[in-house]
Amino acid sequence: MSILNLLRIAFRALKRNKLRAFLTMLGIIIGVAAVIAMMAIGEGSKQSIRSQLSGMGSNMITIMPQSNEPGGVRLQGSSIQTLKLQDITAIKKLQSKNINGLSPVVSTSGQAIKGGYNWPTTITGVSPDYLNIRQLKLQDGILFSENDVKRFAKVCLLGKTVIDNLFPDGSNPIGQIIRFKNIPFQVIGTLVPKGQSNFGQDQDDIIVAPYTTVQKRITATNYLQSIYASATSEASSDAATTEISGAIRESHRLTPAETDDFQVRTQAELISTISSTSSMLTVLLTAIAGISLFIGGIGIMNIMYVSVTERTREIGLRMSIGARGQDVLMQFLIEAVLISITGGVIGVVLGVSSAYLISYLLNWPILIAESSIVISFVVCAITGVFFGYYPAKKASNLDPIDALRYE
Amino acid sequence: MKQKILDITDLKREFVMGDQTVRALKGITFDIKSGEFVTIMGSSGSGKTTLLNILGCLDKPSGGSYLLDGVDVKSLNRDELAGLRNTKIGFVFQAYNLLPRTSALENVELPLFYNKTITAEERKERAIKSLESVKLAERFDHTPSQLSGGQQQRVAIARALVNHPVMILADEATGNLDTRTSYEIMALMQELNAEGKTIVFVTHEPDIAAFSTRTIMLRDGKIQKDSINQNQRSAKEALASLPETDDY
Chain A
1 MSILNLLRIA
11 FRALKRNKLR
21 AFLTMLGIII
31 GVAAVIAMMA
41 IGEGSKQSIR
51 SQLSGMGSNM
61 ITIMPQSNEP
71 GGVRLQGSSI
81 QTLKLQDITA
91 IKKLQSKNIN
101 GLSPVVSTSG
111 QAIKGGYNWP
121 TTITGVSPDY
131 LNIRQLKLQD
141 GILFSENDVK
151 RFAKVCLLGK
161 TVIDNLFPDG
171 SNPIGQIIRF
181 KNIPFQVIGT
191 LVPKGQSNFG
201 QDQDDIIVAP
211 YTTVQKRITA
221 TNYLQSIYAS
231 ATSEASSDAA
241 TTEISGAIRE
251 SHRLTPAETD
261 DFQVRTQAEL
271 ISTISSTSSM
281 LTVLLTAIAG
291 ISLFIGGIGI
301 MNIMYVSVTE
311 RTREIGLRMS
321 IGARGQDVLM
331 QFLIEAVLIS
341 ITGGVIGVVL
351 GVSSAYLISY
361 LLNWPILIAE
371 SSIVISFVVC
381 AITGVFFGYY
391 PAKKASNLDP
401 IDALRYE
Chain B
1001 MKQKILDITD
1011 LKREFVMGDQ
1021 TVRALKGITF
1031 DIKSGEFVTI
1041 MGSSGSGKTT
1051 LLNILGCLDK
1061 PSGGSYLLDG
1071 VDVKSLNRDE
1081 LAGLRNTKIG
1091 FVFQAYNLLP
1101 RTSALENVEL
1111 PLFYNKTITA
1121 EERKERAIKS
1131 LESVKLAERF
1141 DHTPSQLSGG
1151 QQQRVAIARA
1161 LVNHPVMILA
1171 DEATGNLDTR
1181 TSYEIMALMQ
1191 ELNAEGKTIV
1201 FVTHEPDIAA
1211 FSTRTIMLRD
1221 GKIQKDSINQ
1231 NQRSAKEALA
1241 SLPETDDY
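In order, the protein sequence lines correspond to chains A and B.
Residue numbering for the first sequence follows my numbering, starting at 1 and increasing by one per position.
Residue numbering for the second sequence follows my numbering, starting at 1001 and increasing by one per position.
Please keep in mind that the hints were generated in silico from the structure rather than gathered at the bench.
Owing to the predicted nature of the structure, the values given are computational and were not obtained by experimental measurement.
Errors might be hidden in some of the hints.
Here are the simulated lysine to aspartate or glutamate pairs, EDC-like style, with alpha carbons at most 20 angstroms apart [said to hold, decoys possible]:
1) B/Lys1060 / A/Asp402
2) A/Lys15 / B/Asp1141
3) B/Lys1026 / B/Asp1007
4) A/Lys393 / B/Asp1079
Looking at chain A on its own, in the form it has when it is part of the complex (with noise of 0.2 angstroms):
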């Protein structure tokens, strides 16, 4: 018999039994809607995540000295004085196409202050290629120059919070003068604001000045907190994270025997991390979202069953006609995919459109991912012909005798 014929046959059955059709398809909807929702939700989230962490500078490479545990001893990362900005020299050195953007990093905090406003906040001494490896844009101003870096020069730029504390009758900042710790800078720009980081940090609590005006006027150090660094892609992180190492274990003489006294991190790594805690969510719901299509499938295998013992004589006579046990196998087997499969398509509608209504009515981020809407179309498909198959497999195999005589 033919699979156009089958599908007739199926469908034929199904219109027979309407609402009983409906109720059994209503498993496998709510099944798929779910999963096609809680994925949209957990893949909407990740997504939002992922993207918010791209904005603080997805290809950047952040260098922190950690302690080699010298004497056993193993100190806090911020005490250790191992970074030098002749690692950075030796970085630079490299010349590598790997890399495109390399600060050092020195940042302190105490009290800035203008005319009779003050406000605690930390400046950041770095070079002028941090703005970009960090991905700050100025909103107003010039940025410092290489020069400015060489001759300690008093200026600095802004954050939004800052000029917010400092100025808070809106006057222009650039041009004025700041003093933080004494020191006065003056004011050479502001920053775009950025707002929150995604741990509730604020962004634009920031003074951003030249690292030698820092390190020699304020803390008066010569070891860096950190390095910063850019990688020319995403994919060549890893391989300018390797060079970066191997530069600085060369610069701080560190033998193979020993571990390094610095960590390098990448932000993709900073990212999976995060991502998990999001992909973990996903899993979850998706885990509760196929359990219910597990039970819409065992929902089909039950009313199959009934169908069968139902259709005990019509078996019968089709047997008798001439069809194979092969014939009644298809008929049942096409009838519960038939289900299965109608029952997916209204969950796709259903579960498209609940996941745009979600993220309409509380601005929830979503995202349909083709692959959602594939996979449970063919868990759909699995699981009615795993779940028709041993009621059908039983209707096949029934006697045409018995079925005949079946009251």
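For chain A, the structure is supplied; the task is to place chain B on it using the hints.
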């Protein structure tokens, strides 16, 4: 000499029930030639149903041989038996066994669905022709619930004819019908027989057997009597002789 449609030699069928063996058929030998109208009679327990199942290729004998249109049924597997039922036998049942909520035409088409060599057009054409031959052509779109018992049985006969079988096998085909309708059905059977169809009719009613050309009487798993019916009754005449007001 007409072709042998059925050739049965020393046919035996035994059922094992627990530690007992029930011998339903104890060695039956007969043959049926093309164009015969045979009734198989017997009281219940005579092995009638067992024989019918074997003749209909629903069951296989445990001993002896059964050749249907030259094919040895005993050597066939389940699927081959299904194929044989599809192409060589037209079943007519006591309870009609039509698919509910399915039009007469589609009920008649049903056996052809299981025959891969037949196209959709051919299927419909043959089904209509078949319905015409049972005089139900104008009712092809009616479902069984919209038809009377006699009409339903005629649809069932049309379904049995549609595959051009070598033999029509009827199992108490008039058992659910009143006398008048039974006679109508028998008249139809006689007509089909006159056109050359071989008919094997299992019944327990002697007046139905009178319409056939030959009667095989079973008793206790053996043939008690196998006789040619010298004066076959015409179902049409019997129908005409029924009183006009004879409604049950």
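*Broken hints, by number*: none
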